[in-house]
Amino acid sequence: MSSITVTNLQKTFRAKRKAAGLGGSLRALVRPQYSTVEAVRGLSFEMEAGELLGFIGPNGAGKSTTIKMLTGILHPSAGEASVLGFTPWKDRQKLAYQIGTVFGQRQQLWVHLPAIDTFMLFGKIYELDDKDVKRRIGFLSEAFEIQDLLETPVRKLSLGQRMRCEVAASLLHRPKLLLLDEPSIGLDVVAKQHIRDAIRRMNQEEGVGVLLTSHDAGDLEAMCKRVIIVNHGQIVYEDKVSNLKRKYLASKMVEVRYAEQVSRDFHLDGVEVLKVGHYGVKLRFDTHQTPVQKVLAHLTEAGDVVDITISDPPLEEVIARIYQEANPT
Amino acid sequence: MKKYWAIFSTQIVNSLAYPGDFLGRSASIVIFMLIFAGLWRATFAAAGTESINGLTFPNMLWYLLMCEVIELGRPRVNRVISEQVKSGEVAYLLSKPYNFLIYHFFHGLGDGGVRAALNLLVGIPAVWLLVGPPPTLIGWGMAVTLAFGAWVLHFCMMSLIGLLAFLVEETNSFELIYQKAVFILGGMLLPLDMFPGWLQPAAKSLPFAYMMYAPARLFVKPNLTMFWQFLSMQWIWIIVLVFLLGLAYRSSVRSLAVNGG
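Which chain is which? The protein sequence lines are A and B, in order. For the first sequence, the positions run 1 to 329 when my numbering is used. For the second sequence, the positions run 1001 to 1261 when my numbering is used.
Chain B with its partners taken away, still in its complex shape (with noise of 0.2 Å):
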């Protein structure tokens, strides 16, 4: 386990060794946070009402902060991926000793856990300043262990996307595929309570909600009883997909065709 926390470590050090950059990307979540400001506040005007569906306007913007520090600090195994099939560095990987995937998932972890911590660090006073102060500790404690699930659900998902490089090389057009569903039926757009009533248990049923939603939700309404259903789904979900997982990296590792002398 060592040589995996190793992994992770470097990576974290890897991420920084940019830190304007790192910075300056860190503050984009403050404009996505202004632009949902104006766009939610015009909503709840509209409907001339506090609460839509059981959620104020403060929820509505720590929901969605919740949503994008996980969005922005999801996994891009699928685009490392591909990128080290293409230019044939996929060799070094497989020629060392380690679980190709675990490696990915703690490389992954690294650089997704500096890109989420930097975007609380900014998303947070910002949120505050616009809506008053951030739910209560339950609901960080909820969020924080759902997240992580949701984190590692993203990393089932991009990894399996990630894995058709080996036959297909490039996997843009199946990540924007992707990134639309969890964008709709994880709730992104809209929190699932606001589906449709009859929507509403088939969004639920789906890998997709406990990747943004259930997070969110528990983080502006903690429930104990939601959260114990959700972290139940979230991992039945991420045994079933671990499982296709390493059938998919078994098959795949057989097809792969190294670019280049």
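So that you can see chain A by itself, here it is in the shape it has in the complex (with noise of 0.2 Å):
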């Protein structure tokens, strides 16, 4: 069963433009000029109910656009919406007691307040029982592991610690379907983890399904099971997350800083060599060529490691890749 259908859906904003500086500024005075921005452009897709779906692309790709159209908050310019059987700019507040959202450059928590006042807070909004607000309260403070933030001022959380009580939050009512605008940016690894693996567990438990939308290709391996590319508004992709990894993020890229000055010779079969210097040096491989195990012994073995990262390539780049081999001419 589908709990979004989505067709032909467009989103078009009218944008003041104005030149640099005071003549600029005073030229929009008197003659205001307007751009056109096509924000989403004849979207059409579908997301089981329980299904865990990445919907993902590169800034300003038109991700959030869409998000805020299919929680009813944007009107479209066009095109059609479903959501768990409503039509989100006309039963927002209906559709608003079935789903969870969370815009990660937001906060819907009250900042000079404990997290848990918030938590209460929403229970009455959407009507919960007290006693089942804090059986509820229990569980979620368990998944998220933030039983002794609860009482912290949210102001004095970190980013990390502040994610996590605004996605808890969000799942308070037991939505059927949760929007996740980026709940990752500006978080550091552990941070991403942690959500990361509460999402999952919510997802398996509870069948809530989840609409993820992320520029980081690391949310999407650790989560989704499906996955849309957006860009310029429109999908450019879409497949499972398994034949993605497969074509497009084989390759890691490491960097690698030493204590001490290191041989220059790291070349290995499969690894292509990207900056060397004298403390470090950076590598680009294929995983099915070259294991990330075989890559790692081979750099440890050079010298004392003192840091090392690994990553995904960019999303741009993979959109680049998936644009070459559509239009190869």
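Simulated from the structure, these hints should not be mistaken for laboratory data. Remember, predicted model here, so these are calculated numbers, not experimental data. A few of these clues could be false.
[What the hints assert, rightly or not] To give an idea of the interface, some chain B residues facing chain A are shown, with a C-beta separation under 10 Å as derived from the structure:
#1 1006
#2 1010
#3 1088
#4 1090
#5 1095
#6 1103
#7 1249
Backbone N, C-alpha and C fix where the C-beta goes; we use that ideal spot for every residue, glycine too.
Grab the two chains, each in its own frame, and use the hints to assemble them into the complex.
So this is what it looks like as structure tokens:
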């Protein structure tokens, strides 16, 4: 059964334009100029109930605009959408009882109050029984490991701690669908992992469907089964994450810093040396050809490692490859 | 209704998050009243009379205290909405199962209620020391009833200005114009009784008179006939403005563009 059905969804904004400096400001006052921004251009897709769907793309791809239309906050310029049987922009309040939302760069928790106060308030807003709210807070605080954070004013929490509380708050009313807009933005590796683990657990235990936007391919690999990649407001790729990983996310980049000067010979079959210095090296390799373990063993043999970073290729690179394959000329 | 009560009570707790700052700001009402006392003492002395258009010097100070309490406790909903539109946090508010405007009503009532209560707590002893005891209990009853209506009128006007933020984002300039209109036509600068005869009916036909003048005037000079007149006019304006607010909300929510990613 589909929880989201989107057909030819479009959103166009009118943005004011102004040339630089005082002259530009004065001209804009007398004769304002506008440009049209096509944020979403004819999107169509479906999401099954309980599915973990990644909706990814670079900045400005139209991901957040799509999420905001699916929550009913924005009205589309054209097209149709059904979320859990509701038309979001017509039935926004009814839909709100069924969905949870997290906007990574915003906050729903009241900053001057401890998170527990916002949780209790949300309990009233979603018309939950007080006893049930307390039970639910107990469960979520264990799942998100926030037991010790609930009574601290939100403004005193770190970004990672706050985001765990934000996601937990959005699950208080047992939504059928969770719409996560960049939940891991600005977080360090450990904080990202905490959130990814907790969301996966909620999906497995409660069957909550998750539509996740991100420009971090790591979120996708860690959480999602299926992926839709958007760029310039259009779908450029739609497939299982396992296929995407096989085709486009097999390469990894590794950057190592050593305690002392090391030999410059880092050559290994299937490994491309991107940058090399006396105290460090940056490599790219294909995990299908050369296992991660083999590369790491080779690098640690070279000297005492003080820092190491393994990263995915940037999403922009993946999208460029998808485009190249679609348009070989 | 429980959810809106919860928003109201949570905002009261939120307002008291920094008690020192709050008390400090409430102390400013003492400075205002001292300035008003100096100005009006000089005015009454220059006029060489005990009463001007039926208001004595103590009446004048208690009148001005009521005006200040209403002014300092009025909702700042336009600034809140404007900030939420600029930061994009409006996205969260619109994705929750409550009415956006009723949410702001109870949020503002919690905030304004605490400010008004603290300003009264600090202002009453100050004015009492300056000019003697406050007006009668009937005056208090009429003032509190009309002050609530005044707050609702302010809320409607500030929300109409706030909804402009959905289109233009920044609404401070509109608030400034509105504030000046309330100062003059609402009777804060001068009670409407001191306006020229031809201007008084015009001023009393506008909503501003029921945002300051009506509660403050009946606070110091209670009059049952005037109370019912003021109360009816106040609620006629509230009904008109609530209707306009509903229309404005429906139209502006369609044109909202949420900032940021």
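Hints, one by one, checked against the model:
The interface hint given for residue 1006/B holds, since its Cβ lies 4 Å from the closest Cβ of chain A, which is under the 10 Å cut-off. The beta carbon of residue 1010/B is positioned within 10 Å of a beta carbon in chain A (closest approach about 5 Å), and the interface hint is therefore held. The restraint placing residue 1088/B at the interface with chain A holds, with a minimum CB-CB distance near 6 Å, inside the 10 Å limit. Restraint check, residue 1090/B versus chain A: the minimum CB separation of about 8 Å is within 10 Å; hint holds.
At about 5 Å, the closest approach between the beta carbon of residue 1095/B and any beta carbon in chain A falls short of 10 Å, and the interface hint on this residue holds. Taking 10 Å as the C-beta contact cut-off toward chain A, the hint placing residue 1103/B at the interface holds, the least distance being around 9 Å. At a threshold of 10 Å, the smallest CB-CB gap from residue 1249/B to chain A is about 13 Å, leaving the interface hint violated.
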